[in-house]
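A.B. asks: Residue numbers (the working numbering), protein chains in the order written: chain A, 1 to 412; chain B, 1 to 501.
All the given hints hold, so there is nothing to weed out.
Residues of chain A placed beyond 10 Å of chain B at every Cβ, according to the derived structure:
| id | residue |
| --- | --- |
| 1 | 58 |
| 2 | 83 |
| 3 | 93 |
| 4 | 97 |
| 5 | 101 |
| 6 | 115 |
| 7 | 146 |
| 8 | 255 |
| 9 | 257 |
| 10 | 302 |
| 11 | 303 |
| 12 | 350 |
| 13 | 385 |
| 14 | 400 |
| 15 | 403 |
| 16 | 411 |
Computed footprint of chain B on chain A; a stretch qualifies when at least three of its residues, placed anywhere within it, have a C-beta under 8 Å from a C-beta of chain B:
| id | region |
| --- | --- |
| 17 | 116 to 127 |
| 18 | 186 to 196 |
| 19 | 207 to 213 |
Since the hints were derived computationally from the structure, they do not count as laboratory data. Just so you know, even glycine gets a beta-carbon here, dropped at the ideal spot from N, CA and C.
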Amino acid sequence: MFEFLHPTRRGFLLTAGAFTAWSFAPQFASAAPGRDPRFLTVVLRGGMDGLAVIEPAFDPDFERARAGLILGADGTPAGLPIAGGFLMNPKLVALHEMFSQGEALAIHAVATPYRDRSHFDGQDVLESGLSGTGAVSTGWLNRAMSQLGKAGSVKAGGLAIGPTVPLIMRGPASTLTWAAGGVKPATEDARARLLNFYKSADPTLASAFGRGLDLERIASANAGMSAAMGQPGADHPEANSNFVKGMQMVAKLFTDPNGPRIGAIDLDGWDTHATERPEGDNLGKALAELDAGLAALKTSLGPAWNETVVVVATEFGRTVRMNGTEGTDHGTATVAFLAGGAVKGGRVLADWPGLSDKALFQARDLAPTTDLRSVLKGALRDHLGIEEAALGRDVFPDSGAVKPMDGLMKVA
Amino acid sequence: MALADEMAVTAQRRFGFGPVPDGWRKAGSDARETVLLQLDGYKYSDTSGLLPSTDILRELRERQREVRDARAAVVNAAAPVNGAPGNGASGNGAVGAAAAGAAKAPDGAVMMVKTPDAAAAVTAENKEIFKQKNEFVRIQFENEAAYRQQAAVTSDRPLIERLTDFWAGHFCISCSKGEDVRVIAGAYEREAIRPYVTGRFRDMLGAIMHHPAMLYYLDNHVSFGPTSKAGQKQKKGLNENLGRELMELHTVGVKAGYNQTDVTNAARIITGWGIAGDKDPSPGAFKFDPNRHEPGAFTVMGTPFAEGGEAQGEALLDMLAAHPATAQHIAEKLVRHFVGDKASPALVETVAKRFRATNGDLRETMLTLVKAPEAWSLAPAKVISPYDMAICCERILALNTDPKKVVNFARVLGQPLWTPRSPNGFPDNDMAWAAPNALVKRFDYALQLAGQPKTPPEPMELASALFGPALKSDMQTAIKRAASRREALAMIVMSPEIQVR
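One chain only, chain A, in its complex shape (with noise of 0.2 Å):
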């Protein structure tokens, strides 16, 4: 007979990733002091339609190639002006107001290296921030987050809103993740109750536990907040969302002392090869939660937002044309966002490549001109302080030539 150890004490700390992260605040060698900026990026999953999130109505084609996903045809609401002659989906209305407001800017005709049309791949070229696909298992923001480590000698942990880490946060740099969802929640006693049998049979579970504890009262105190928050107000349909509440626990940790300060969210539901209706069905649905989601973040945030960046990007844009069942298939550009107080924001960034048929990628493609990683580039040089030569070889590997785009914050 062999020797059996009774289970008592495992021989491991908290310190796999996920639980360590928010228990030191990140500080950033290169940001002046006094500043402590957030960045979120927000991934949005099945390829947006940009051009019917931000239309290019000066566009002698547009018309023409778009037709049957127009704004405001057939007595729709139109699009919004916002610069430059494009307009803005109506359903973005939080968005709007940023923009007016000179803290949001699009960046149109933009995509990332990737040429292809596989959601899985990608996704997978947007969130590793490698050139092409293979096989990866960091994402670039988590690189990015090293890169401050490095900076500053001072660890910086991650927040990602989901139940894993998506490949956009994973890497050597801690991360906490929290998710919204789930079944009727237990009663606080009876949590207390499990917490103290963990006590004694587990210290293991029980610090994890606890800790999933201390989240959830940050998140239900959130979720009392929302009646009073205006926008989206307790009536909103999108009030709810799961994506809102993560919204609305990024503002929560964002703000709180010892919180993380960078985070990846992303919201489903932009695979939109059916029944479209740019202000309605589909898109207007996703739209308007996307919506919902950064004027939570906004309302949230409070005064903090003045320190924040957030990143909105998509894997690759859709079809110009409407298909069969009045929707779009994958395409290639798209459009992005950059939110926040920091953001110098108000203005539409194109290199625009024109909707004539010559003028497509591959004949059915809005071309692509602007890559996505010299935007990210830009915030994550101007807002975070990251080197350009650590921008060019870790965080994105390989993409010297890519250079990062100039004036996006307020402050570089």
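The hints should help you fit chain B onto chain A, whose structure is shown.
C.D. replies: Chain B alone, transformed into the frame defined by chain A:
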């Protein structure tokens, strides 16, 4: 307390889905033997009553074709479109024609054309056909999920179910690829994984490499030899996705010391391994297409492979399966899965050695792992996966929960069935599933399940039946302090004895 009783509980935790009532008693004095016996004389027979993947794919394709035809009908039913843009569709079977509803007026000005009633009617029918196709995929997935759950909950060989889960993870596919994978994800497990979990590694490798789910998932069905007949004619080339993962994930592992040329050559060798099309004799089945196969001899990791069509690929699989790095890679993963992160390199070596000595006999390999003293002595440290927890609850509380609910629970906890976010599969280190938020949600779920039985078991009796003499005093305390019978049952489910293996 008898050592044998504790071992009986360990046996069920580490090599099964956790303890069941009186399981420790049935194990008698030799718990290890009860585990080893599960590997004896096992032969999978598919009692699911579900269709083979070939039939499922054939039906899906028919439905996809109906959708395409219906889409085309909309265009034909619309007003004549003069000078509208050409058909922009390509790839992925999408045949959405140019949009109806806009046309150039004779003078070149753009004008809107109202869709005629006929087109509106076709559009409505369109949506119905589209919906029915999606329903077919959904129902197929749900039936497969139900079969998997039933198999795990009722099995008297829980180790076999655990092995199925392990190998389905090792050779994972993902429904995120699209409906072509989603619809046969369960069939893939039935056809390419289950029959081989106590068989030979090489046979399982062969099965997954010939299965349409894997060929779709990692794009080999669209990979062309650049100088092959079809590649030249269609101006198409290599997709090295499967070639790379075959080496990195399925066999030798990333540490084996191969380079990009090896990967490219592996991908070249397996060009032509694809899925039969609608005009082939058996659509949806594996098909080797010599016209797509890259001609020539190629070397992978120092081994030359002469031209030989499909046989060239089989020879590559032979080499990779027999490579010592594969034995090491598989042993590392098996030991981490069943024993934990803290297992010694010596145990990995023992298991790897057996794998090599038996030419990848997976039964023999597992027997060696189960017999190893360390597999029993190392303290439990691995938090079970959400899916395993769900199965565990079903078995302990004798539930019959709607599979949709189980699938949803695992999804909320980050383990959507057959849908990992990358070909690496789901994480498998000790604390991967122990995120603080996840533990809170587990408790909520446990409470909900504990409220299901119409005549719930008496908690203390259940705990006693589960753990026998190994029942600890802190669990007894937790049961006594619980505010309700339901809460007490949830406490049992949430105990370290269930959650950690």
